[in-house]
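**Student:** As a plain string of letters, each chain reads:
Number of protein chains: 4
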Amino acid sequence: MSKARTEAFSDGVIAVAITLLALDLHVPSADSAASLAHELGAQWPSYAAYVVSFLTIGIIWINHHAMLRRVVAVDHAIVMLNVVLLMTVVVIPFSTALLSEYLKAGEGDHLAAAIYGGSLLLMSLAFIAMNRLVLVAKPDLVDQRITEEQKRWLLRRNALGLTPYALATVAAILSAYVTLGICTLVAVFYALPATTPDPTSLDM
Amino acid sequence: MSKARTEAFSDGVIAVAITLLALDLHVPSADSAASLAHELGAQWPSYAAYVVSFLTIGIIWINHHAMLRRVVAVDHAIVMLNVVLLMTVVVIPFSTALLSEYLKAGEGDHLAAAIYGGSLLLMSLAFIAMNRLVLVAKPDLVDQRITEEQKRWLLRRNALGLTPYALATVAAILSAYVTLGICTLVAVFYALPATTPDPTSLDM
Amino acid sequence: MSKARTEAFSDGVIAVAITLLALDLHVPSADSAASLAHELGAQWPSYAAYVVSFLTIGIIWINHHAMLRRVVAVDHAIVMLNVVLLMTVVVIPFSTALLSEYLKAGEGDHLAAAIYGGSLLLMSLAFIAMNRLVLVAKPDLVDQRITEEQKRWLLRRNALGLTPYALATVAAILSAYVTLGICTLVAVFYALPATTPDPTSLDM
Amino acid sequence: MSKARTEAFSDGVIAVAITLLALDLHVPSADSAASLAHELGAQWPSYAAYVVSFLTIGIIWINHHAMLRRVVAVDHAIVMLNVVLLMTVVVIPFSTALLSEYLKAGEGDHLAAAIYGGSLLLMSLAFIAMNRLVLVAKPDLVDQRITEEQKRWLLRRNALGLTPYALATVAAILSAYVTLGICTLVAVFYALPATTPDPTSLDM
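Line by line, the protein sequences are chains A, B, C and D. Mapping of the first sequence onto our numbering: residues 237 to 440, in sequence order. Mapping of the second sequence onto our numbering: residues 237 to 440, in sequence order. Mapping of the third sequence onto our numbering: residues 237 to 440, in sequence order. Mapping of the fourth sequence onto our numbering: residues 237 to 440, in sequence order.
Hints are computed from structural coordinates only; laboratory data are not their basis. In this text, all values refer to a predicted model and were calculated from it rather than measured experimentally. It cannot be assumed that every hint is accurate.
Since the list gives no way to pick out one identical chain from another, each pair is judged satisfied if it fits inside one copy or across any two copies.
Derived DSS-like pairs: lysine-lysine, alpha-carbon spacing no greater than 30 Å straight-line [claimed, not checked]:
hint : residue 1 : residue 2
1    : K239      : K374
2    : K340      : K387
3    : K387      : K239
Using the sequences and the hints given, assemble the complete structure.
**Tutor:** See the structure below:
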């Protein structure tokens, strides 16, 4: 299997998924009795969810990219798990639209937020599974400059990334806004320059 | 003709087609009398069809990728047949939406399932035609490390892949669920690591 | 300007445009009084238009690809004209949907067909403009193995390609079916192996 | 981080965003009492906005491409700011649809035009931020053939690019047509061959 074409296909799928987020930005009907300003104001959950999900998918892409940089080749199992990972990424525009629709409605928003948090958790799980497959089960495919210690660091950091999404999913019981808030913090945290430098990033 | 650009274009088309599957995941209207949980539950055929079609297109991409790895160059006939193959792939989000809509409606689902199975059968036929064109009619374009025996193995395995989709199409007479079940099994079968190792995969 | 990135961007835009053609394949509402078979049958213009436009955009991609193979580099003017060419390609899913909608309605179909033919004519004109810019105005950017005679052959063949689309546009006065028929013939003609071999194709 | 994959992802996102502009070209319903010609005529703001936004995104792509050509590598901060830049590009099909819808309605068009101008201003700001980050804060990542004088020229020209979009946004108070007019002039200006040659373009 070609690593280059796996990257190209993944880039394509993630690029389309991230752009489809914009389809949830609806143009209010000009026939409405309310003013355009009022209509747009009422749609703020769509704008907030757009920004959070865009940053989140952008960060998925960055991490995906970093993960594939660490391997020298891919095999059937990695490519297949990659398809599953992409399947969870492509669901995000749907769960984003669900969250913003029900935040606006003010009803059913707990369930919608749980599904939103759950979709990010699922994506995170698929990511961990793929990372683990690469680093643990396929040592021959990993760049030989990566030490055992670095592998452990990567797996640990990856597992930690699961916690906030699990929290965000559970927090939907309290309020959909708490879920969106936690997901926003995660996106901002990853967007900021790393405080703990990635010990593997300098090797490549 | 450039093999690299043919791959890039195919990756792009398949990436968009696989992502468009998500457009069939509808956000239930917040105005509905039923609860969100009930509305989402009623849409389970969409989720099932999404997973099966996503895996199926993912596998098409893997096979497409493997097929082009075996050629050293492409010509007008191959590129043109590739366009026809892509045309059958791009139809899959439509036939998937058709199946899930009529599974939900519980009427017209036999025909919808036959069309779904038929669209996968058509894609499979286009794939076989392209593989045959490459391996049989254009021996000069095939990687010289592939032996005659390996070619026969590839063509045989390819032809066998047709059977389940033909079966799935015919089974729509019995029940749309049987069609979806067969297509699920095919996707799972190809997703699992190959029991019979691909004798040509180690050569490249 | 980088030729590789111009190709990648063009591949991306054409891949999305060709896939968006599938958005015009509508799933008939399950609530309709008519049977699914009848509903699908009534949509045949959509299927015919899908096939013709898919092949047409596929052939545009092949020709675009061949055109860029003949240049060794691109400059601002070429890249800008390429954006205009892509703008005409991206219109095709719209004009295709327009044609199929009004073929079904049986009214307004003359105008819809004229717009469909006109959109292909426009794309053809943008293609000729870009080819002419490359071959005539930027001789330094053209692969030096291409002779003056080959350039003239390419420009002549290109100009000839305009005729059927001009004819298809005018023929809309007679009938929308004649327009669709001519566009079908053009697609089939280009899809078949060339009878007059391209004297420049062997050079690269 | 890989510059090549950053370019590929950006190309993908921009290619999808530019193609989604076509989704705002609506096929008029065949059931309408008005003639197709009349219906299409009434949609001229959609066509005008499509052309202006397509050229604008095309030019963003050209500039993005030129910006990345000047760097030899990318780091986390650049890639992250690139995600933010892409987020503003992906909003353009939405603000384009908003403008054309409210130009047709003849009401709420001042606000819609201000949002349209504002979305281009925002994109321009993200572009300047990224260019400044690269040229000022990351001198090690910049191609060493670019002189300090050329950097100043690039930053100055970039900052100047902000003015017309700021003007277009403010001009929405007067008329939405003035906003669209200014944005058209900007697109045409950048599309034409540069009068002041880019002193850095010959170096690469």
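**Student:** For K340 and K387, with the copy left unspecified, which applies at a CA distance of at most 30 Å: within, between, both, or neither?
**Tutor:** neither (43 Å within a copy, 47 Å between copies)
**Student:** 30 Å Cα cut-off: does K239 pair with K374 within a copy, between copies, both or neither?
**Tutor:** both (15 Å within a copy, 26 Å between copies)
**Student:** First find the shortest C-alpha distance between K387 and K239 inside one copy, then the shortest across copies, and answer within, between, both or neither for a cut-off of 30 Å.
**Tutor:** Cα proximity of K387 and K239: in one copy and across copies (20 Å, 24 Å).
Figure legend: structure checked against the earlier numbered hints; the only hint not met is number 2.
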